[in-house]
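Given the sequences, and given the hints that come with them, work out the whole structure.
Letter by letter, the sequence shown follows residues 1 to 153 in my numbering.
No wet-lab data here; the hints were simulated from the structure. Every residue, glycine too, gets a C-beta built ideally from N, C-alpha and C. A few of these clues could be false.
Said to hold, decoys possible - Calculated pairs, EDC-like style, for lysine to aspartate or glutamate (alpha carbon to alpha carbon, straight line, at most 20 Å):
| no. | residue 1 | residue 2 |
| --- | --- | --- |
| 1 | Lys-58 | Asp-3 |
| 2 | Lys-24 | Glu-152 |
| 3 | Lys-58 | Glu-152 |
| 4 | Lys-146 | Asp-3 |
| 5 | Lys-27 | Glu-152 |
To be verified - With beta-carbon atoms standing in for the labels, derived distance ranges:
| no. | residue 1 | residue 2 | range |
| --- | --- | --- | --- |
| 6 | Pro-7 | Asp-67 | 28 to 34 Å |
| 7 | Leu-35 | Asp-67 | 18 to 24 Å |
| 8 | Pro-7 | Ile-47 | 23 to 29 Å |
| 9 | Asn-114 | Leu-52 | 21 to 27 Å |
| 10 | Pro-128 | Leu-35 | 22 to 28 Å |
| 11 | Leu-150 | Pro-128 | 30 to 36 Å |
| 12 | Val-65 | Arg-91 | 35 to 41 Å |
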Amino acid sequence: MADIFYPGYLLFAFILTLIFIPRKEYKNYFIYGILLGGLGDFVIVLIFQNLLGIIWFKNQGMFNVLDQIALSPPSWTLTVMLFLYFLPARRLFLYPYVATWAVTSVGFGYVVRNAGLFDVQPWFYPIPGYFTFLSWWVAVTWIYTKTRGLLEK
Numbered sequence: 001m002a003d004i005f006y007p008g009y010l011l012f013a014f015i016l017t018l019i020f021i022p023r024k025e026y027k028n029y030f031i032y033g034i035l036l037g038g039l040g041d042f043v044i045v046l047i048f049q050n051l052l053g054i055i056w057f058k059n060q061g062m063f064n065v066l067d068q069i070a071l072s073p074p075s076w077t078l079t080v081m082l083f084l085y086f087l088p089a090r091r092l093f094l095y096p097y098v099a100t101w102a103v104t105s106v107g108f109g110y111v112v113r114n115a116g117l118f119d120v121q122p123w124f125y126p127i128p129g130y131f132t133f134l135s136w137w138v139a140v141t142w143i144y145t146k147t148r149g150l151l152e153k
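In structure tokens:
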């Protein structure tokens with residue numbers, strides 16, 4: 001199970017991006033996905049794993065790169081692309097949308113943990129983890145809404 005979890009998720013998320021995100025818009029969402037998802041994941045893991053010791057990856061096998069699982073940043077790239085594509089325009093729906101993605105992210109963390117690829121200090125999940133993910137999704141949303149016009153020029 002652990003060997004195919006990230007490759008399986010990557011394939012699934014990639015197929016979803018191909019189905020939902022129009023070809024003309026794919027490049028823009030991919031740029032945001034890399035910067036806010038892939039790079040964001042790398043920085044957050046660097047802080048929470050390497051500096052603070054709150055989280056850690058395990059059983060990484062051939063995907064171990066700098067004590068991080070190499071498929072995590074591409075997974076977050078695709079996840080952020082999907083998050084941004086379906087981002088509601090109306091604030092009434094935006095707040096519950098972002099909060100729901102934070103809950104889903106904590107749930108995904110539990111799934112990765114149950115797959116034996118990730119562990120966390122017992123006090124960190126679910127509440128502090130939720131606020132960490134909520135902060136990340138709020139930052140992604142804010143950066144995207146403030147800068148999306150720059151890619152169109």
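Hint check:
Straight-line distance between C-alpha atoms of Lys-58 and Asp-3 comes to about 12 Å, which keeps the hinted pair within the 20 Å bound. At most 20 Å may separate the alpha-carbon atoms for a hinted pair to count; Lys-24 and Glu-152 meet this at roughly 11 Å. Of the pairs offered as hints, the one joining Lys-58 and Glu-152 is violated, with about 41 Å between alpha carbons and a cut-off of 20 Å exceeded. Using a Cα cut-off of 20 Å, the hinted pair Lys-146 and Asp-3 is violated, with the two alpha carbons roughly 39 Å apart.
Using a Cα cut-off of 20 Å, the hinted pair Lys-27 and Glu-152 holds, with the two alpha carbons roughly 11 Å apart. Our hint of 28 to 34 Å for Pro-7 and Asp-67 is violated, since their Cβ atoms are close to 20 Å apart. The hinted range of 18 to 24 Å is satisfied by Leu-35 and Asp-67, whose Cβ atoms lie roughly 22 Å apart. About 26 Å separates the C-beta atoms of Pro-7 and Ile-47, a value consistent with the hinted range of 23 to 29 Å.
For Asn-114 paired with Leu-52, a C-beta distance near 23 Å keeps the hint of 21 to 27 Å intact. As the Cβ distance of Pro-128 to Leu-35 is approximately 25 Å, the hint placing it in 22 to 28 Å holds. A hinted range of 30 to 36 Å holds for the C-beta pair Leu-150 and Pro-128, which are about 33 Å apart. Taken as a hint, the range 35 to 41 Å holds for the pair Val-65 and Arg-91, whose Cβ atoms sit roughly 39 Å apart.
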